[in-house]
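Per the numbering used here, the sequence shown starts with residue 78, numbered consecutively.
Be aware that a few hints might be false.
Using C-beta positions, here's what the derived DEER-type ranges look like [claimed, not checked]:
#1 V116 with P290: 31 to 41 Å
#2 A275 with G203: 35 to 45 Å
#3 E260 with P139: 31 to 41 Å
Everything labelled a hint here was simulated from the structure, so no lab data went into it. Note that CB positions come from ideal geometry on N, CA and C, so glycine has one too.
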Amino acid sequence: MVPAGVVAPRGAPDAARGAVVWLHGSYDAATEARPEDPVWLRPLLARGYELWHFDRPTRPDPLAEGGARLLQGVAALRAGGYRRVVVAGFSRGAFIGLAALARPELVDAVAAVSPAAHGRRVERRGEALAAFGALMDAGGDVGLALVLLRDDPWDPGPEARAALARASAPGRAGRLLLLDRPEGLEGHMGSFEPEFAARFAGCLAAFLDGAAPASACAGR
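Please model the complete structure; the sequences and the hints are all you need to start from.
Rendered as structure tokens:
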């Protein structure tokens, strides 16, 4: 867990609104720069959240170990004085971030954008859906913002995943914001398009901050 270079932590967590931990998608560190942070996070930072990166090795990048390390880092942020902690991630980072759903004493909300971790082979779709369902079942009373986009080749089954997420809503006191294949946005990288931030950044920030219900994003 390292502080984001573009947003220097104030050094006084109790003076911040909270911390947001960002988990990037997979990339090859030997040939590529770390992916840029998404624009849609900016309104959350404007509310007083400090941005932290959970950096992971590119290979291997195990799910269970990554989730355990993430929770250790989140616990350290809590112990350091942050009043609220939000975990947000994209692709494999999002899938790892879902481990935080099971720790309501550490995490206030999780944003999982196009979660993916099992490849694109048809024969692994069952395994991928079972793993996603297990994370939904293990989740405690933690707010969840789940983004599923159209024509995402890494999504093993958007209808099934949406249904699994909706089934978990009562356990999290109904705090589920599900962006289920909104019109005009598609592909695995669709959340990095300017239109995504223009339409959803504000309401996502309000939901993750606990200041607005999931309906804040309705009709956008």
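Hint by hint, here is what the structure shows:
no., hint, in the structure
1, V116 with P290: 31 to 41 Å, "violated (23 Å)"
2, A275 with G203: 35 to 45 Å, "holds (36 Å)"
3, E260 with P139: 31 to 41 Å, "holds (36 Å)"
Comparing the model with each numbered hint stated earlier shows that hint 1 is the single one that does not hold.
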